[in-house]
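Protein chains: 2
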Amino acid sequence: MKFKKNIDSLCVDNLKINALAAITKAKSGHPGIAIDAATILHTLFCYHLKYDPKHPLWVNRDRFILSSGHGSALLYAMLRMLGLISRSDLEKFRSYKSNTPGHPEYGLTPGIEASTGPLGQGIAMAVGMALAESQVNKRFPEFSHYTYVLCGDGDLQEGVAQEALSFAGTNKLNKLIVLYDSNDVQLDSFVKSVNLESPKEKYKAMGFKYILVNENSVKKINKAINKAKYSNIPVFIEIKTIIGEGTKKENSNLIHGQPLTNEEISDLKDILTFKKSDNFEYLDDVKNYYIKNIYAKNGVAYNLWNPSKKLMNFLNNELKINLNDINLNKNDSTRNTTGFVLNNLGNQYENIIAGSADLSSSTKIKGVNGVYAPNNRLGRNILYGVREFAMGAIANGIALHSNFRPIVSTFLTFSNYLIPAIRLAAQMRLKTLFIFSHDSVYAGQDGPTHQPIEQLASLRAMPNLTVLRPADENEVKGAIEYYFNKATNPVVIATTRQNIVSTNVTNKLKFEDGAYYIYHGKNPWTLIATGSELNTFYNIGKKLNISVISASNTNNLESLNYNINKAISFEAASTFGWAKYAKYNIGIDEFGISATEKDIIKHFNLDEISLQKKVEEIIKRN
Amino acid sequence: MKFKKNIDSLCVDNLKINALAAITKAKSGHPGIAIDAATILHTLFCYHLKYDPKHPLWVNRDRFILSSGHGSALLYAMLRMLGLISRSDLEKFRSYKSNTPGHPEYGLTPGIEASTGPLGQGIAMAVGMALAESQVNKRFPEFSHYTYVLCGDGDLQEGVAQEALSFAGTNKLNKLIVLYDSNDVQLDSFVKSVNLESPKEKYKAMGFKYILVNENSVKKINKAINKAKYSNIPVFIEIKTIIGEGTKKENSNLIHGQPLTNEEISDLKDILTFKKSDNFEYLDDVKNYYIKNIYAKNGVAYNLWNPSKKLMNFLNNELKINLNDINLNKNDSTRNTTGFVLNNLGNQYENIIAGSADLSSSTKIKGVNGVYAPNNRLGRNILYGVREFAMGAIANGIALHSNFRPIVSTFLTFSNYLIPAIRLAAQMRLKTLFIFSHDSVYAGQDGPTHQPIEQLASLRAMPNLTVLRPADENEVKGAIEYYFNKATNPVVIATTRQNIVSTNVTNKLKFEDGAYYIYHGKNPWTLIATGSELNTFYNIGKKLNISVISASNTNNLESLNYNINKAISFEAASTFGWAKYAKYNIGIDEFGISATEKDIIKHFNLDEISLQKKVEEIIKRN
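The listed protein sequences derive, respectively, from chains X and A. Take the first sequence: its position 409, counted from the start at 1, is 412 in the working numbering, and no numbers get skipped. Take the second sequence: its position 63, counted from the start at 1, is 66 in the working numbering, and no numbers get skipped.
For the record, the hints were derived by calculation from the structure and aren't laboratory data. Do not rely on the hints blindly, as some may be mistaken.
Pairs involving identical chains hold if they fit within one copy or between any two copies, as the list cannot separate such chains.
[Claimed, not checked] Here are the simulated DMTMM-like cross-link-like pairs (lysine to aspartate or glutamate), alpha carbons at most 25 Å apart as the crow flies: (1) K601 with E94; (2) K95 with E600; (3) K95 with D602; (4) K207 with D187; (5) K100 with D602.
Next up, chain X with everything else stripped away, as it sits in the complex (with noise of 0.2 Å):
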């Protein structure tokens, strides 16, 4: 193709000003990332991006996720030349209400493939996507994109990029395209005083295929991008930029988040080709240019688009299940009943993506059909190797590509690992399973650094998660149908790593709604336990004549219309937040001890005897 020297410039400065015009109605956003990057963006949109603006949901479509979130204003600029939000929308940048917010937010705005802001996660969802199009792209080979992402100095620092780009590097994931706008400074000072590794030696390294773009220029980062597009490996394209260049702050941390002012946008148009005073227009020149460049040539792209049957339904499947003709074992660990129906959905669906942080020997979860590898893109068993950060923000790329159900897994206690991108999942609603065993202190001789104690609260404290812990293997199927039927949010199943007693009350459908009796008695009070622990409670309950609720989902325990001031809950765990549902709640509010199964419940003093007369003390009490 052939550059229009002028045109490109009038598209690259019509993007920058809109930016920053929005940046500075709103008082408050970051020019610095909007001005350094336009060229980027305007070459990638403009030359590459197979993206039709009518259809912004094709599911063929590449994908480009902002990692660098703060530079929302720049991709809201694009997204309005596209036509996607209209300039209204631009205007209303980060106010209320708007479909504008601070940082790009995934299902709010159209043409915003991920929410980002938390620095790294995006590169790590890049790649999440990029393994997603490997694996649809094998089977159906019409299908085939590349994943873009553009990050900066701060989102390569985070431990979640480096371990996501060394997966990335180790599975050879070539689509995966990260444009990288190097301009040397961030917050706090230049990245020269934080960080002197060489990233051309780094990346490659880590199996990168390294290219140097040492202009920002159009010319330059288009040669970088088609010879990407080449790689056989994935591919790190270092853009040297400069922070808000032309501007009086260029190269200098004071640009990063402060707005400019109408005089200081004034001041630049003087040195750019946009000269319009209204700060907010759309040029006809380069609507046209785009109507051309993007419109027309996607447009045609979308239409000759022939999706086979096999992948429309590979697509459209909506992976209702019903357990109820399998077999579990009764007595089993829940670890070991989980893995059994998830092997066992794994093999039916060709949607389901499992994987560990290197645990899955012990999480007993594991993917169908081998390992993923280069030389295995059908494997569904992900071997995350010990990256768990990685491992969610991964997986939450996987549920954002299309219809596929990522499953991961690591210890409880570890969930802490990955907690922001278990957070990033219920912020977007993303149907991203966390299945996290060893899930009490009964785990045992590993010690407190391998037993959970607040690791149930903190997960409950967090909007749009739903968190399970089933007590058997009817609950466990309760859990398991729970998150494909009906989940419309991030799930948690903890599971057990020791065997549990089975109440045979339990019940499979009823766990799906919620809370509920598994016995009804005729005394007053009320006992509340969830997983492992229900069925020392349901002993104690049938023995005292006392009503026994399983509550690992205490979203409705409320509905339930019990005394909440003759109610005992009993988790193996924190007790923190039961206050709410119970006026006595048992628990362990101290980190675990190394020690085996039978030592931990008896120093507790969790056995079903003590816990019976501790019960039967707080009746008397009161």
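Using the hints provided, position chain A relative to the given structure of chain X.
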């Protein structure tokens, strides 16, 4: 020095068999690393580590961190040889109330420098120790030691390790020596299935001197460590080992976490120099050799050490502070007042090291004496880069090292990124201070990814962690005095981005003791609030003649003897956990929105008039 081949083999084999015996007796543990890393541990402890077993807390000792915490049995076997623990301790590996728990626990076992187990963090804590050493060394040249860390493949895959090593390379921490037990095998697979990077190229690019030891021998390892000691940049020694070497399961993941049978140990002994039938035996020859090499040599070093008075003052300074005389602005944001006080203290005390993950411009937390850098080892402002998790773990390493008070900061919502480091600080009861600014949805236009909701609840659910959320300048003083003068565990201080309204009735000393009344009303109801919300409730309390409690530290709330059934809590965050202290909870149980503070208050109905109405309605209903 000369190497006696036979005695070295005997030492290594003695170590191996003792460690394996402990694992087999416990029926739980990790024999793979115990076998393959024995040579490394023997070489390090016998020929290099400056460590007097008679004075294990000698402040000028070399530090050794076992980042691969699952190798605990091997370390315990070494500690037993050093006389720090007994044979009987080793025999009680992983059993109830022993000092040899499943993973090393700081404070429980002499010779354990840090709790490890959650992978990657040991590396980051070692980086913190090396940083701390460089600070003390620059002031007091008589203080000088190396920091060694032993890590495995899993450790290095963790993002926190990558962040920390990137930081160490950039800061040229040349007395940090990383010993990488490179055995090609991890729990779920061979390493090559999850990581194809070239460590040599990668760590060189990251600023390390790379040394390959391609034979797991005392001689080769010794040579490498000798070389490492004279490097002017940090050193990464890759030691090729064979997991479970000499057993039938060698070079396979079966050996990673499965105890050997006694027969398998017997078989292994056939090819080792340790032949005793008692696998817990400490051979006389080995003991004598250790006495000569370790006890004698290091005892001399200890005795010869002659610290200056100034150094001793530095090390023994109790840092008890008094903020009575410091004048703070009223109505200023608590991030500003906190930053002002800490800056002031930083100028007074050399023991204070502060920094941020590239957000000091926003959190207002910045150390004094310039930016820490290779040419400014006295700089106490640490630029951690956008590496939140490593920041937390490095700070823990600094806290573990000697008498520093490490202070780190980021936004409250990003506390998620370092929660595993906060947990380790809490488990070890370290004196790390975490300052989290932008502590509520009021932070505004950056939107939901930047607005904390559930974070306060998550932090409060954690054992051994004190969470303080000062309402104004008096409580800021109280929070900081609490940390310095009273805290025996890590502290979180949450600060506001926005200006607050000082109530003038808050009280520094009362705040330090926990929740306290700021207003006594005649109405039987009680209002409870924290941080920036306190003033609103105070105004309402005065108007309605209702008592008001400032309750940022909830620990002693119950002792205030109010009627929980007639209490209303208010925090502009998740209500999760508040039901324990008040029957009625006002808060935000959904994610935030991108808008101005004014619009956010309106959206969530958190203005004084709406809140007063809500309070009146609740009281009326009951």
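Hints, one by one, checked against the model:
1. K601 with E94: Between copies only: 19 Å across chains, 64 Å inside a chain, cut-off 25 Å.
2. K95 with E600: between (58 Å within a copy, 16 Å between copies)
3. K95 with D602: Between copies only: 13 Å across chains, 61 Å inside a chain, cut-off 25 Å.
4. K207 with D187: So K207 and D187 pass the 25 Å test inside a copy (20 Å) and across (21 Å) alike.
5. K100 with D602: between (55 Å within a copy, 10 Å between copies)
Going through the hint list in order, the structure satisfies each hint without exception.
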